[in-house]
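**Q** So the chains spell out like this:
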Amino acid sequence: MLNKNIPPTILKYKGIFDIGALYKFMSHWLLNEQFEFYETKYKHKPPKIEINWEANKRITSYVKYIMEIHFYFYGVNDVEVIKDGAKRKMQDARVVITFSGKVETDYPDIYGDKNWEKNKFFVKAKKFFENYIIRQDLDVKHIDPFYYYILRFYEDVKSFLGMETVGGLS
Amino acid sequence: MAEKLPIIQNVTMSYSGLFDVKELYSAINEWFKDKGYDRREIKNEEHVSPSGKFIDIEIMPYKKLSDYAKSVIRIQITMHDVKEVEIERDKHKVKLNQGSIEIIFDSYLETDYEGRWEQTPFYFFMRTVYDKFFYKNYTEHFEEMVASDTREMEAMIKSFLNMYRFRK
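So the protein sequences, as listed, match chains A and B. Residues in the first sequence are numbered consecutively from 1, following this note's numbering. Residues in the second sequence are numbered consecutively from 1001, following this note's numbering.
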């Protein structure tokens, strides 16, 4: 199994925003993009919230994208703001969101078995296959596009938070 | 592990006055895209406070020059007290930002970025001999390319910010 890690990108924000709306926005984004996602950690100890997500998408029968998102909210205080003439409950908080990912090959099936690890011949064949036959394909067709895919998500989150530095992926 | 050869280190630039954060950010990204660099954003931080926004960005785009060497430019942009202001230009109201910026440029040439020449001591020895005697001209040429890209980037940002200084 080849695990090509994608370098993490960190987003930090301090200001007034709606944590619930951010949560919904990000989960809908992943679901719209046909990711299966799991919340592997949810720790709420006011004024801190820590959440881990793992989202994965099967691209081919051999390649799978895995996106890992770690949220750390701290200094969370509820505030009431008037937005578009209506009172809304939002949070004055700091958040650190880390986006990272990896491209996994020969991922396990639902029973946890890997097709290319059934015998020694397949293990060697897979090594040869990944190092010499599809190496460029993995880089060009999967690792780079997946990195830009994560960046697109990152840009959308920045835009949702109303950050100044958006639009770098034009 | 890849070897990093510093080319330009700690070149700083500062500016205070009117500018457009979004346009500056887009201009930098566009420039890198035009030059064939792959985007890599390490960190993007924004704090909203009554005195204005604090923005801290670290980007590290890279370009593969060959299978062996790649050019990496690291830019750290820190903005303080960024506020939104409205000015009148050519009888039109334009929204801009006002604040101060500090930019730090570093660039380096990364060789053997896939770590292929470090698998055995013999390979490592061969790589050093190759670098010193056979590949020297190429390395020098790559170093010039990295330095020239960094200087061009710096000049682009300078002219971008000067544009706001003189077009008030």
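Do not take every clue at face value.
What the hints assert, rightly or not - Pairs of lysine to aspartate or glutamate, EDC-like flavour, derived with a Cα cap of 16 Å:
{"hint": "1", "chain 1": "A", "residue 1": "Lys14", "chain 2": "B", "residue 2": "Glu1030"}
{"hint": "2", "chain 1": "A", "residue 1": "Lys12", "chain 2": "B", "residue 2": "Glu1058"}
{"hint": "3", "chain 1": "B", "residue 1": "Lys1063", "chain 2": "A", "residue 2": "Asp139"}
{"hint": "4", "chain 1": "B", "residue 1": "Lys1063", "chain 2": "A", "residue 2": "Asp144"}
{"hint": "5", "chain 1": "B", "residue 1": "Lys1022", "chain 2": "A", "residue 2": "Asp18"}
{"hint": "6", "chain 1": "A", "residue 1": "Lys57", "chain 2": "A", "residue 2": "Asp18"}
{"hint": "7", "chain 1": "A", "residue 1": "Lys141", "chain 2": "A", "residue 2": "Asp109"}
{"hint": "8", "chain 1": "A", "residue 1": "Lys126", "chain 2": "A", "residue 2": "Asp144"}
{"hint": "9", "chain 1": "A", "residue 1": "Lys126", "chain 2": "A", "residue 2": "Glu104"}
{"hint": "10", "chain 1": "A", "residue 1": "Lys12", "chain 2": "A", "residue 2": "Asp109"}
{"hint": "11", "chain 1": "B", "residue 1": "Lys1064", "chain 2": "A", "residue 2": "Glu39"}
{"hint": "12", "chain 1": "A", "residue 1": "Lys12", "chain 2": "B", "residue 2": "Glu1114"}
{"hint": "13", "chain 1": "A", "residue 1": "Lys126", "chain 2": "A", "residue 2": "Asp113"}
{"hint": "14", "chain 1": "A", "residue 1": "Lys12", "chain 2": "B", "residue 2": "Glu1045"}
{"hint": "15", "chain 1": "A", "residue 1": "Lys141", "chain 2": "B", "residue 2": "Asp1038"}
{"hint": "16", "chain 1": "B", "residue 1": "Lys1063", "chain 2": "B", "residue 2": "Glu1088"}
{"hint": "17", "chain 1": "A", "residue 1": "Lys4", "chain 2": "B", "residue 2": "Glu1114"}
{"hint": "18", "chain 1": "A", "residue 1": "Lys14", "chain 2": "B", "residue 2": "Glu1114"}
{"hint": "19", "chain 1": "A", "residue 1": "Lys48", "chain 2": "A", "residue 2": "Asp18"}
{"hint": "20", "chain 1": "A", "residue 1": "Lys14", "chain 2": "B", "residue 2": "Asp1131"}
{"hint": "21", "chain 1": "B", "residue 1": "Lys1043", "chain 2": "A", "residue 2": "Asp139"}
{"hint": "22", "chain 1": "A", "residue 1": "Lys64", "chain 2": "A", "residue 2": "Asp156"}
{"hint": "23", "chain 1": "A", "residue 1": "Lys64", "chain 2": "A", "residue 2": "Asp18"}
{"hint": "24", "chain 1": "B", "residue 1": "Lys1064", "chain 2": "A", "residue 2": "Glu155"}
{"hint": "25", "chain 1": "B", "residue 1": "Lys1035", "chain 2": "B", "residue 2": "Glu1140"}
{"hint": "26", "chain 1": "B", "residue 1": "Lys1033", "chain 2": "A", "residue 2": "Asp144"}
{"hint": "27", "chain 1": "B", "residue 1": "Lys1022", "chain 2": "A", "residue 2": "Asp156"}
As the list claims (entries may be wrong) - Negatives, chain B to chain A, calculated, CB over 12 Å:
{"hint": "28", "residue": "Ser1014"}
{"hint": "29", "residue": "Asp1020"}
{"hint": "30", "residue": "Ser1026"}
{"hint": "31", "residue": "Ile1028"}
{"hint": "32", "residue": "Glu1041"}
{"hint": "33", "residue": "Ile1057"}
{"hint": "34", "residue": "Glu1058"}
{"hint": "35", "residue": "Lys1093"}
{"hint": "36", "residue": "Phe1105"}
{"hint": "37", "residue": "Thr1120"}
{"hint": "38", "residue": "Glu1140"}
{"hint": "39", "residue": "His1141"}
The hints are simulated quantities; they were obtained by calculation from the structure and are not laboratory data. Since the structure is predicted, the reported quantities are computational estimates derived from the model, not experimental observations. Each residue gets a CB set at the ideal place from its N, CA and C atoms; glycine is no exception.
**Q** Non-interface claim for Glu1058/B: all C-beta distances to chain A beyond 12 Å?
**A** Its Cβ does come within 12 Å of chain A, the nearest being 9 Å, so this is violated.
**Q** Verify the proposed pairing of Lys1063/B with Asp139/A, using a straight-line Cα cut of 16 Å.
**A** 14 Å, holds
**Q** Is it true that the CA of Lys1043/B sits at most 16 Å from the CA of Asp139/A?
**A** Violated. Lys1043/B to Asp139/A sits at ~24 Å, over the 16 Å cutoff.
**Q** Test the statement that Phe1105/B is away from the interface with chain A: the closest C-beta pair must be farther apart than 12 Å.
**A** The assertion about Phe1105/B holds, with a minimum of 18 Å to chain A.
**Q** For the pair we were handed, Lys4/A and Glu1114/B, check the Cα-Cα distance against 16 Å.
**A** Distance ~12 Å between Lys4/A and Glu1114/B Cα, so the pair holds.
**Q** Find the nearest Cβ of chain A to the Cβ of Glu1041/B and say whether that gap is larger than 12 Å.
**A** Since the minimum Cβ distance to chain A is about 5 Å, Glu1041/B lies within 12 Å and the statement is violated.
**Q** Next pair to validate is Lys1064/B with Glu155/A; report whether the Cα-Cα distance is within 16 Å.
**A** 24 Å, violated
**Q** Given the hint that Lys1022/B pairs with Asp18/A, does the C-alpha gap stay at or below 16 Å?
**A** Between Lys1022/B and Asp18/A the Cα gap is close to 23 Å, so the pair fails against 16 Å, i.e. violated.
**Q** Hint check: Lys57/A vs Asp18/A, CA-CA at most 16 Å. Holds or violated?
**A** 28 Å, violated
**Q** Are Lys12/A and Glu1045/B close enough, with their CA atoms no more than 16 Å apart?
**A** Measuring from Cα to Cα gives roughly 4 Å; hence the hint holds.
**Q** Given the hinted pair Lys48/A and Asp18/A, is their Cα-Cα distance within 16 Å?
**A** 15 Å, holds
**Q** Just checking, Thr1120/B versus chain A, shortest CB gap more than 12 Å?
**A** Non-interface label stands for Thr1120/B: nearest chain A Cβ at 17 Å, farther than 12 Å.
In terms of the numbered hints stated before, the structure departs from hints 1, 5, 6, 7, 8, 10, 11, 12, 16, 18, 20, 21, 22, 23, 24, 25, 29, 30, 31, 32, 33 and 34, listed from lowest to highest.
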